[in-house]
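First to last, the protein sequences are chains A and B. Position one of the first sequence corresponds to residue 1 (the numbering used here), numbered consecutively onward. Position one of the second sequence corresponds to residue 1 (the numbering used here), numbered consecutively onward.
Since the hints were made in silico from the structure, they are not lab data. Every residue gets a Cβ at the ideal spot worked out from N, C-alpha and C, and that includes glycine. Please note that a few of the clues may not be correct.
Using C-beta positions, here's what the derived DEER-type ranges look like [claimed, not checked]:
1. A/PRO20 / B/TYR323: 45 to 51 Å
2. B/GLU103 / A/GLU18: 25 to 31 Å
3. B/TYR52 / A/MET70: 17 to 23 Å
4. B/ASP161 / A/GLN69: 16 to 22 Å
5. B/SER239 / A/MET70: 32 to 38 Å
6. B/MET70 / A/GLN69: 29 to 35 Å
7. B/LEU190 / A/PRO20: 52 to 58 Å
8. A/GLU39 / B/SER226: 36 to 42 Å
9. B/ASP271 / A/MET48: 51 to 57 Å
10. A/PHE80 / B/VAL324: 53 to 59 Å
11. B/TYR52 / A/GLU73: 21 to 27 Å
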Amino acid sequence: MDIQLKITDREGKLHKVEAPTDMALNLMEVMHMYEIAPEGTIGVCGGMAMCASCQCYVQSNHIKLPEMQMDEEAMLSEAFYVKDNSRLGCQIPIAEELDGLEVTLAPES
Amino acid sequence: MIKTDILIIGAGPTGLFTVFEAGLLKLKCHLIDGLPQPGGQLAELYPKKPIYDIPGYPEVSAGSLVDNLMEQIKPFQPGFTLGEKATHLKKLDNGNFVVTTDEGTEHEAPIVAIAGGLGSFEPRKPALENLDFYEKRGVHYMVKNPQDFKNKDVVIAGGGDSALDWSIVLSDIASSVTLIHRRSEFRGALESVDRVKDLKDVGKINLITPAEITALHGKEKLESLSIKKNDSDETFQLSTDHFIPLFGLSPKLGPIANWGLEIEKNAIKVDNSLDYQTNIPGIYAIGDVNTYPGKLKLILCGFHEATMMCQSAFKKINPNKKYVMKYTTVGGVTGFDGSKKEAPKAVVKSLD
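Bound conformation, chain B alone:
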């Protein structure tokens, strides 16, 4: 059981900044996120796109903002459970909450801060008959361990970065890799596109474009696919052990919707007059995942909400402690790792 003061669900910008504000109050944080890396949508959807409305940054790329936040919270040593989705919430007799992930990892904390953004990212599944049946029988929506595909025949479908990147990685591991895309053009980093072309030229990736997969076959497990060439209307079968459709991810509120929280318009209702607490005391919702009159889904609003929420959490955890807000310029930042950042002392010195 992982124990912490504030359990944050969602490692996007709002969740990450919560660690900083909590750290100033000497509260420890642990974050859970379904994606394998921190940063939420910023890292997953548009790392290279610029953001222009972060105060103090005339322009910052989404990826750099995440890097900076990670740097800023480092002294507070946040824990991470990445690549696992928070699925269950339970309240203990001692008042603490236990949040369990889809992999069974348990986390206990007196405070839960849901910073889930748009929700958890679910794979977008192609409309193919019996697709569900073949899940875990040869169909995968993500590659968790590339070695699972050692010496297997693999078909990857999709036209974006992940389809390109996994084709490249698996071309060294699998016995064959076939990449299928509806069009001949791919949208991805230039070096990935070039690399796939090189691998195709040396026969390590079998490229079929423009084409679509139209059917899955196999009795117990996936054995072959029907592929339709879009330029000729010719359909043929290709035998394969695995099929990995990579058509992007679409966010869904997911299991959080069943935690007894008040939900409105796919978002969690909170008290915006005070501390962004939900209808369950001790559970807060901050950032894009919450809603209240006048809500704006902006990163800068998430930062504010995180700050207010941490103050409230402090009072809940330390009901008898008095707290006076201190400016970081005055008080500095003392990390849990022993590091201390503070304004350099002014000197009084004669210049004669």
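Just chain A, same shape as in the assembly:
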């Protein structure tokens, strides 16, 4: 099954994209796939929660995201432009429950 995502890029442009749930993708990889941000400015560490280049602000409160693990928490404690609704895209696996998720990509740092 494909789910719908609304992703606002760093220029403020909204992208409505579809993401498959059966390919073991995470949100960072989906953003990469759709080139929401230029190559080299997103997913720099490859998804190891080590660079925060996929930091995004989660706008949809009604969707339950997987709980934050220690790696992600530690990275966000060092990252810039962090808000209460910050998450690392690479730590959010694409799953059916995420259908309708709305996020905004955080500025590059």
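Take the given structure of chain A and dock chain B to it, following the hints.
Then chain B, alone, in the frame of chain A:
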């Protein structure tokens, strides 16, 4: 002027393996890397993380892979310019290239292999007003020489290994060390965290957490910082000579982008049907730094690209020499250091 056959920019896995393949062809290599140690991202970002897709290794840690590559290329005596960033490229009348670093070190070679990975690692700078002004006036993003901080007051910010490690080192040299982190938890090697705690208990490190630096002050140079305690919203000033924000490094293609190479999506376009050469003959790009249809940023692909590139470089350097590829199992490996590795000879012996 450092002279070599193949000048490799970037000492990550691809750059290191290039030395081996070039060595088999009797070509000498020299590597330039902005980081103080070889290994690129593997050494800098995730030395302890496992890699599972290196052929022949069911599992190998990034750090061990770098150690093994260093061991493998040792017989070919590569030169290293470490801790310096390649900034300028110039073509000479004799066809050679000269690459100069930010420290002014010059290197000359007929072949340049850019194995720059994600680019050079630039410090991630906190969003503080006038930060630029205080650079070289008390603000540093790395510690090059710890003795520069002798008998000075130093404030370090950050929550990772480098913040912990430098706090430990400088606590013996500086007159005071203050470590500030946005949270009370640090992410680092257990022994570093424990050591910082010990030093805090004996008063050698002044720990302020959870807190953030909100402003820099000083007329000619840095004199003090405003610090906001996150749990109480209380803000106070702390006088200091130096401020070292250590918030990690983020890779940027950097000066290479201005060398006249064809760039697409932050990567260098190469001819993947042949030899991974760029639009400038004699300059190749291999590993994560290049792009072509179907490109995969994998270490194993970088190894292949390095091998193909060295064959092409050999032909360029020796246009009149014929070359026949030899298996290392057949030909062995003869190092520039006089060492020779070869398959043990089979014996013909009666067992009676």
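Verification of the supplied hints:
1. Range check, A/PRO20 to B/TYR323: about 47 Å between beta-carbon atoms, so the 45 to 51 Å window is met.
2. Taking 25 to 31 Å as the suggested C-beta distance range, the pair B/GLU103 and A/GLU18 does not conform, at roughly 50 Å.
3. The hinted range of 17 to 23 Å is satisfied by B/TYR52 and A/MET70, whose Cβ atoms lie roughly 22 Å apart.
4. The supplied range of 16 to 22 Å is met by B/ASP161 and A/GLN69, whose beta-carbon atoms lie about 19 Å from each other.
5. Taking the beta carbon of each, B/SER239 and A/MET70 are about 35 Å apart, inside 32 to 38 Å as hinted.
6. Taking the beta carbon of each, B/MET70 and A/GLN69 are about 33 Å apart, inside 29 to 35 Å as hinted.
7. At about 40 Å, the beta-carbon gap between B/LEU190 and A/PRO20 misses the expected band of 52 to 58 Å.
8. At roughly 38 Å, the beta carbons of A/GLU39 and B/SER226 sit within the given window of 36 to 42 Å.
9. Between B/ASP271 and A/MET48 the C-beta distance comes to about 32 Å, which lies outside the given range of 51 to 57 Å.
10. For A/PHE80 and B/VAL324, the hinted distance range of 53 to 59 Å is satisfied, since their beta carbons lie about 55 Å from each other.
11. Checked against the given bound of 21 to 27 Å, the beta carbons of B/TYR52 and A/GLU73, roughly 26 Å apart, stay inside it.
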